[in-house]
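Novice: Taken in order, these protein sequences are the chains called A and B.
To convert, take the position in the first sequence, counting from 1, and add 1; that gives my numbering.
To convert, take the position in the second sequence, counting from 1, and add 1; that gives my numbering.
Treat the hints as calculated values from the structure; they're not laboratory data.
Keep in mind that the hints are not guaranteed to be accurate.
Chain copies aren't distinguished; within one or between two, either way the pair holds.
Simulated crosslink set (EDC-like; lysine to aspartate or glutamate; CA at most 16 Å straight-line) [what the hints assert, rightly or not]:
#1 Lys-91 with Glu-144
#2 Lys-597 with Asp-571
#3 Lys-591 with Asp-264
#4 Lys-626 with Asp-509
#5 Lys-268 with Asp-570
#6 Lys-268 with Asp-571
#7 Lys-444 with Glu-673
#8 Lys-268 with Glu-126
#9 Lys-623 with Glu-144
#10 Lys-623 with Glu-608
#11 Lys-451 with Asp-662
#12 Lys-626 with Asp-54
#13 Lys-460 with Asp-570
#14 Lys-310 with Glu-583
#15 Lys-176 with Asp-120
#16 Lys-139 with Glu-84
Okay, here's what each chain looks like letter by letter:
Protein chains: 2
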Amino acid sequence: MKVAKKSRGSFTMPGEAGYEELSLTLAEKWGADVIRDCDGTKLSPRLLEAGMDVYSTICIIREHNEFASTNPQFQQQTFLESERVVSTSKTIEIPLLSRYFSGQFEVNEASLPYWQVLDRTTGDEIFASSWQYNATTKSVTIEGCIPFHQYSVNFLAFRIWEEINMYNHVTNNWKSEPLRQLDPRYPEVQNYLSSYLVRWCEEHPETDVVRFTSLFYNFVWIWGSDERNRNLFTDWASYDFTVSPLALDQFEAQYGYRLTGEDFINKGNRNPSHVTWNKRMMDYLWFTNAFVCSYAKELVDIVHSYGKKAYVFYDDSWVGMEPQSEAFQTIGFDGIIKCVFSGFEVRLCNAVPGSLTHELRLHPYLFPVGLGGAPTFKEGGNPALDAQKYWVNVRRAMLRAPIDRIGLGGYLHLTEGFPDFVETIADIADQFRTIKELHQAAKVYTASLKIGIITRWGKLRTWTCGGHYHEHPDLDLINILESLSGLPYTVEFLNFDEVARDPLDSFDVLLNAGFQNSSYSGGDAWQRDDVVTSLTQWVWKGGTFLGINAPSSLNNSFKMAHVLGVDYDDGRRLCHGQWEYERVDGSLPKISLRAKEGIYLVDGSTEVLHVEDALPVLTERKFGKGKGIYLSEYRYSPENTFAIRSILEQNLAAEPLYASDNPHVDCAYYPEAQVLLLANGSESEEDVRIMTEKGKLYEVLEGFSLKVLDLSAYL
Amino acid sequence: MKVAKKSRGSFTMPGEAGYEELSLTLAEKWGADVIRDCDGTKLSPRLLEAGMDVYSTICIIREHNEFASTNPQFQQQTFLESERVVSTSKTIEIPLLSRYFSGQFEVNEASLPYWQVLDRTTGDEIFASSWQYNATTKSVTIEGCIPFHQYSVNFLAFRIWEEINMYNHVTNNWKSEPLRQLDPRYPEVQNYLSSYLVRWCEEHPETDVVRFTSLFYNFVWIWGSDERNRNLFTDWASYDFTVSPLALDQFEAQYGYRLTGEDFINKGNRNPSHVTWNKRMMDYLWFTNAFVCSYAKELVDIVHSYGKKAYVFYDDSWVGMEPQSEAFQTIGFDGIIKCVFSGFEVRLCNAVPGSLTHELRLHPYLFPVGLGGAPTFKEGGNPALDAQKYWVNVRRAMLRAPIDRIGLGGYLHLTEGFPDFVETIADIADQFRTIKELHQAAKVYTASLKIGIITRWGKLRTWTCGGHYHEHPDLDLINILESLSGLPYTVEFLNFDEVARDPLDSFDVLLNAGFQNSSYSGGDAWQRDDVVTSLTQWVWKGGTFLGINAPSSLNNSFKMAHVLGVDYDDGRRLCHGQWEYERVDGSLPKISLRAKEGIYLVDGSTEVLHVEDALPVLTERKFGKGKGIYLSEYRYSPENTFAIRSILEQNLAAEPLYASDNPHVDCAYYPEAQVLLLANGSESEEDVRIMTEKGKLYEVLEGFSLKVLDLSAYL
């Protein structure tokens, strides 16, 4: 059942010069009120004058190859570690770039004072007098090596190919000139870019919204020299690509101490955002955030001075922007656009504070191939089905959290030959406008359950673990977030200072999930007695502490084991007896949890609710008026979401209001409008029973469908 | 095919009063030259006078209940940790014994100065003025607790039931008076026991050999109060049961610092011998070893003064004896007896230095039930088959390492009704005498391959990981030892000081195996640069470093990764690319290795020889003239033994001499006698090809059989 056609609007479509008729037909079909260009497409006068608002994309730090060529010292940089060489003789030579893709990096030969040569066996730094750089061979020679130690060099390299452009060239066989990228940390670059933006605004009077893609520093993406390991290091939220000699100098001036290459290289592990950061890296984050937002404000002020709005894309070169930071609020962006595959990304976009427009870019993009190179808009592709599947993922979350706009990107002409895709998008646009309208009219019904998620990042990384779901499907927290994104609870994110300091009384459930030393489980934050004591007290008074995988784990032991009732054995307990248990036969819905080897019951009072491979995978333990619940892992699925609801809601009513009894059907109630939305996330027909204040409803939904029920019409 | 009947001797049988005819018949049948009593049996005059030597068992520290009752302060003790209590009020009361089996422990109320009350949340010790012991409730009250911290008490408890006796009572339903045990650390106990032994010797003129079972301190075996977790902590080689106030005082006087209860409790983990010990616990080991051996010498001197020999049982109360220690050599034992299930235990016995008799106690014991309560000498049991299966396990190792005697223990009358068992033992005794005779005549042929096994224990725990194979079948090293026990190599055990200090040139292979922080893999010994450097240099010059599971692992990373070519990712490498590989299709025999999650290739030069669950489980990397080999785990089986032979021997000849081509058939060559022994470890007929200096042999062996081939008769 299709949702009834709504008035147009709230929909952004890509236009394409040469396909004016198609563009205008689809604009009408989809109710588009905005037309945009894309990386690789242009708008023609006829499209610019079609009565729609115009978004123009601008990636401010690239498309300046001439300036970059004459001022190569202003290109962006990163620290790299050379290969490690074992000293089989007193003098060794270490090639610097052997591990890295030569298209991406060049040694910054003027930055030697910022380099380090390290004895990797001892961890000691080698005196500068003992090594020298050879510009001809691009290598470092070390004298007086200790026999059979390992040595490597931390050095600064220019990044000579903007990474998104590099990716498109290599993956999509682009042939245009590789684009370089400038570092606006340098005042000369700021002057140049600000002038450029002024000129650009003057040359684009038809543009209503300047869509920044995004700001200055891309997420880290280090390519290797060997095709067997091309992606050496990628993280959506690390700061590796923001560094430069000037940044290091300014940091020292501001923070009173100096960062080294090793702060970034970190024994070769670098600092992915999934692993706990130390104080030094956190200082550097705030330092960079302050700069990024301050210069972004200058650019946005220019845009505003031309009467245009400034939106920002919440991907690619977003690093340093930190939309949850206070500094971000000072920029003055009018909108933020997030590309989404999943529900948690809807919440991530919605959660960006401020009175800015929250817009989503739906998948699939109008490209021939999609994820992992699978066909989309080409033979063998089924873009209509792809669109439906992505849509039902994100729709669940939209029922809970209002979004202002949706839209598409890519090459519009590719839709030719896929009429079912065109119809699907029309329906999705109408569904979206229906949901948006309900949110505008009424606050959605929310169960009286407040969940706090404890991580090292806290609010700063609200609703995200970095990157898309498919990039890190093994992170327990991303899976929990995906489940929660469509559930009717209040969710907040806390860091460990807040756990120790703030009153926790308002929370019903506090959750800690992830592998040990991850920034999600918390790592050495669990050394803090005040954190453990605060949580212990809160549970004793009635809270539920929900731990997943390695919650509160420090040195292979759970600091909250006395509450959780389980702990982890890394071998040290090999000689200790194991508590026998009988599985408690509860009324829990089906849940799939993989066993975690090493989990053991700390004593006889822990109840085992679920067992897999003879190991407890779901346990519960009463502690004072509260309880500890442990899950060995968590992976998103409709069934697991249904089960986690049951686990989370055990203190609520037995049959909660406005809650679906079918894992595949989500529901949301808008009390003031007296409208109930039912959303079938599965391809097949599903039925559902819902308890409402007017009694129990029974409904049947077609595959993928959204159903609008006006409860005021019911008895 | 049975081995031809050999002359009698080298066989110890249990006699049983009331079954004199049976005893003498079986003595003839088995060629026994020694008759012994057992725990629970006595010998009658007719047996004592039957012309056989007589062993008499004596467990010196028990059977003194009267003395123990009047001098309870001299009973043996141990540190226990009370349950942990969360302070939900300012004053809390902690019951001391709630977790423990009341039959085993009593609070030592005179030892309060040796107790500790700990804030387990902070790790701080609580001032003695803040807590007091209540003898009525057997609990400690703490005042002024910090809210919601955890507290517990480390206290000394008397062990009021000798643990082996306790086990037999509970398991075999014994009804005799529970036996207490005395601590010979106290001079008063020494005086008492020495006098007792003098008296005993005078009262047992017929005894030729006093068989000590064993010395003074049992392996730790702490029982719990709850039947759901009765065995709280058991380890064959920990020192938990040796402690007392006097021991602590003497330790302080000797070593200049004081040990605390927490040294033993160790955050509740205690100090199993499988996990690395710190310097303090090692000091305590040597301190205890010195005392145990010194007082054991006094007892042995008494035995010798009566013209008797003194043998010791290498199990039960063996703790502190350390047969590989220098102090052990000073005792003057005439023999050592090891009960064996497996090949490595044969090597363990054989490796005890000194000119003493090395004797084995074979399985099954003549008891109604055996391992895990399975029937043996009762309906449903098949003791002949059991005996064969244990025998072929130990025979492999006996082909390599000479043993002086074998024997049985238990109730002889149980053999009635099992004539095939009687025949099997007769055959085993003959096989044993054949093998022993060959060893006496000629040194067995050994391949020119020397393997060093690097552990924290080094030589001190030669050929053992503590306990029997079936107790810890998951330890990689015990599995490797079981394989090696029957292979024709030279095997030595090294500690980390020796790795760093001694020349390693004589070794072909150095092996490091086990889980991280185990005493086998080495734990924080891998912080030592000199260890890493020494091994790196040795491999570079041509050595093979073989790592299993978590070799050289420290903080979840392999310190020898540059040699092994693999490392372990605990999540910190989540954003790093993985090296693609193609499995090298080598000629390796079939091997079963379970994948270890987190193993990754450090670069592109590591060869992957075997893959399981899409993870590399066997890899090889050239490093200089040597190589690193990694195995994800190792479990003993004939097939895996065959495969590990191939891995170890890759630097040897393609078709080595005197090596079986059938995993189930072991062979050993005695050059001076020109005799080749072939031993079929499987129940079924097997054929085998063996390259000898006289050409290739082809032989067929019946199930379980031993074949003696006189090669001098061949062309």
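Novice: Run every hint past the structure and note whether it holds.
Specialist: Verification of the hints:
1. Lys-91 with Glu-144: This pair counts as within: shortest intra-copy Cα distance 6 Å, inter-copy 64 Å.
2. Lys-597 with Asp-571: Both. Shortest intra-copy (11 Å) and inter-copy (14 Å) distances satisfy the 16 Å Cα cut-off.
3. Lys-591 with Asp-264: neither (46 Å within a copy, 46 Å between copies)
4. Lys-626 with Asp-509: within (12 Å within a copy, 63 Å between copies)
5. Lys-268 with Asp-570: Between copies only: 13 Å across, 27 Å inside.
6. Lys-268 with Asp-571: between (24 Å within a copy, 14 Å between copies)
7. Lys-444 with Glu-673: Cα proximity of Lys-444 and Glu-673: one copy only (7 Å, versus 96 Å across).
8. Lys-268 with Glu-126: Within one copy only: 12 Å inside, 36 Å across.
9. Lys-623 with Glu-144: neither (63 Å within a copy, 26 Å between copies)
10. Lys-623 with Glu-608: Classified as within: same-chain Cα gap 9 Å, cross-chain 51 Å, threshold 16 Å.
11. Lys-451 with Asp-662: So Lys-451 and Asp-662 fail the 16 Å test inside a copy (21 Å) and across (67 Å) alike.
12. Lys-626 with Asp-54: Neither, since 57 Å and 70 Å both go past 16 Å.
13. Lys-460 with Asp-570: neither (32 Å within a copy, 28 Å between copies)
14. Lys-310 with Glu-583: neither (63 Å within a copy, 53 Å between copies)
15. Lys-176 with Asp-120: Answer is neither; intra-copy 43 Å and inter-copy 67 Å both fail.
16. Lys-139 with Glu-84: Within one copy only: 13 Å inside a chain, 63 Å across chains, cut-off 16 Å.
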